[in-house]
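Fit chain B to the given chain A structure using the hints.
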Amino acid sequence: MDARQQLLSNARMGRWEPLLWLLAFVLPWAMPGHALIVNEVAIVALFAVSLDLVLGYTGIVSLGHAAFLGFGAYAAALFAKHVMPDPLMGLLFGTLCAMLLGAACSLTILRGTDLTRLMVTLGMALILMELANKLDWLTGGSDGLQGVMMGPVLGHFEFDLYGQTAAWYSLTVLLLLFALARRWVRSPWGATLMAVRDNPLRAMAIGIPVHNRLAVVYTVAAALAGAAGALMAQTTGFASLDVFALERSADVMLMLVIGGVGWLYGGVVGAVVFKLMHDVISGITPQYWTFWIGLFLVVLVMVGRERLIRPWLWFGRAGDQKGGAQ
Amino acid sequence: MLTLLFDGIAYGMLLFILAVGLSVTMGLMNFINLAHGAFAMVGGYLTVVLMQRFEVPFLLCLPIAFAGTALLGALLERTLYRHMYRKPHLDQVLFSIGLAFMSVASVDYFMGSQQQIMQLPDWLRGRTELWDGSVFALGMGHYRLFIIAVCAALTVGLQYVLGKTRFGSRLRASVDDARVAAGLGIRVNLIFAATFAVGSGLAGLGGALGAEVLGLDPTFPLKFMVYFLIVVAVGGTSSITGPLWAALLLGVADVAGKYYMPKLGSFIVYSLMIAILIWRPQGLFVRKGGR
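Going down the list, the sequences are from chains A and B. Quick note on numbering: my numbering labels position 326 of the first sequence as 326, and the sequence is numbered without any gaps. If you count the second sequence from 1, you need to add 1000 to reach my numbering.
Excised from the complex, chain A in its bound form (with noise of 0.2 angstroms):
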């Protein structure tokens, strides 16, 4: 097979996958109860592929990528507070402000080590927080964001109390932007993505714009951040400080790691494991459970994420494993 055959065939979609998404879409109809969870995993899921787009296929390390989603929460919120109620613009809205912010900050990352970019992805969502925090006469303070009363979807189905309605216009925002994401990345504009995060040094010898190419992956999750933050603000009818919380960041790292770090579905596949562990986890111990998602993480990366997603690898030798994001 050459590797024109191999491409196409791995941009062409599995047979499973209908399945998948025909299964979540059921969900919400066949248990009413769980709807509201299927809902915040898919806006999650949705979240994760974004910083996918950002670690996964360019390897920039980023700890500070719920700036997007926070800030796409407060502008969707702030436009159907006081603009009008209608969800899609309201999801236009903020997925546009947060590409903006994406642009902006795209500057910052083009530089620098891992660590230069680990603190400038850091400190934005920390501005942030803290312009959120003192803002208080536009933005609720500390107190959050409330009173956002939303309008039904397309004019016809109102939010109900279940989240059944919310759980479905997620799902739709992410089948739709996940498919679109993966288009992407399987062209072969995404082709030349990969091969800078394997060699920068090498992809502009062969004429890559390696700048160009940062700029725009992470202007384009941004905005998938700021639509999963938007989904977020809509469907809970509150936007919080803690949107833009460092643990909001780290959570969405692990579910990507969970999931594994450069396949889209990585992103979704880790957000419904973290989110089914949390329940469990936070269910029996409410308070502690950060210390066994701490524990999970350490001993995660101590036996190898590898391992995690590609069981067969516990019966090789240990020598032939090969770390996922380089």
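Fair warning: there could be bad hints in the mix.
Below, computed lysine-lysine pairings styled on BS3-like, alpha-carbon distance capped at 27 angstroms [claimed, not checked]:
id, chain 1, residue 1, chain 2, residue 2
1, A, K134, B, K1263
2, A, K134, A, K81
3, A, K275, B, K1223
4, B, K1223, B, K1258
5, B, K1263, A, K81
6, A, K134, B, K1258
7, A, K134, B, K1223
8, B, K1263, B, K1223
Derived contacts from chain B toward chain A, CB cut-off under 8 angstroms, selection only [as the list claims (entries may be wrong)]:
id, residue
9, V1104
10, L1229
11, I1230
Just so you know, these hints were derived from the structure itself, not from any lab. Built from N, CA and C at the ideal position, the CB exists for glycine as well.
What follows is chain B alone, placed relative to chain A:
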């Protein structure tokens, strides 16, 4: 005016002692350790417990805090951290943030989530006012003076060890190029273990000293992680004077910013950091020649 400068310098000195271990370990092994604040927290809690439950005098607590956290650091280095050096940065970030989460939750479990109060001895509680009423009015809290004195002594000591002793030159050689240093017969692993232990010990000492100034509760590692990282990222990892200047700058900027523009809070510090890092991604005070 001078009082602010004074407080800022005390704060900066404290940050330097807290972060210097991080800076050296990061320079040596290129390891991003987000759990560094956990060591500081351990030192702080050790001091508080010793003073409250066992009534150990404050001055004796400080060396104990140092030794205790250094021991813990050496232990963790030998058992866990050692395996992380060759892994990609993503793994290191995940691993150390996992450790930080664990430390936060366990301290919460054992000590409770409330802020710990430290009882300072009487001779450290007072305050001296100089040139009262003039433009240069300077109020010095005795405890802050004590912090500055201790930290300055430590800085001079560290500089001496790094600059003049055999261990120091080995360490500098390993930071500049670990492979060549190992080729020359320097046992980089051992040097690194020792440095890690001392660095953690210094963080513990800083945590003990800073418990009264910075506040001590279980979220300490996450709350101050950013500050440590700023010191390291802005100061660069190739020397200890870089982090020192960065820490002083950060301390003064933070105190002055919070005093003159309380509305903006920590906004100034973060923006300053991003601006500096865009301007000079490798840090402000980088020595030429090092890797």
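- Between K1223 (chain B) and K1258 (chain B), does the CA-CA distance stay at or below 27 angstroms? 17 angstroms, holds
- Message: Holds or violated: the hint that L1229 (chain B) contacts chain A, with Cβ atoms closer than 8 angstroms.
- Response: 6 angstroms, holds
- Would you settle whether the hint for I1230 (chain B) is holds or violated, based on the nearest Cβ-Cβ distance to chain A being less than 8 angstroms? Since chain A brings a Cβ to about 7 angstroms from I1230 (chain B), closer than 8 angstroms, the hint holds.
- Message: So if I understand the rule, the pair passes when the alpha-carbon distance is 27 angstroms or less; does K275 (chain A) with K1223 (chain B) pass?
- Response: The given pair, whose Cα atoms are some 25 angstroms apart, holds under the 27 angstroms limit.
- Item | Distance restraint between K1263 (chain B) and K81 (chain A), which requires alpha-carbon spacing of 27 angstroms or less | Distance of about 25 angstroms is within 27 angstroms: holds.
- Given the hint that K134 (chain A) pairs with K1263 (chain B), does the C-alpha gap stay at or below 27 angstroms? Roughly 7 angstroms separates the two Cα atoms, so the pair holds.
- Item | Cut-off 8 angstroms, beta-carbon criterion: hint that V1104 (chain B) touches chain A | It holds, given that the least Cβ distance between V1104 (chain B) and chain A is near 6 angstroms, below 8 angstroms.
- Do the alpha carbons of K134 (chain A) and K1258 (chain B) lie within 27 angstroms of each other, as the hint requires? The hint holds at about 13 angstroms.
- Item | Holds or violated: K1263 (chain B) to K1223 (chain B), with C-alpha atoms at most 27 angstroms apart | 20 angstroms, holds
- Task: Decide if the proposed pair is consistent with the structure: K134 (chain A) and K1223 (chain B), CA atoms, cutoff 27 angstroms inclusive.
- Result: 18 angstroms, holds
- Message: Hint check: K134 (chain A) vs K81 (chain A), CA-CA at most 27 angstroms. Holds or violated?
- Response: 19 angstroms, holds
Violated hints are absent here; each numbered hint is respected by the structure.
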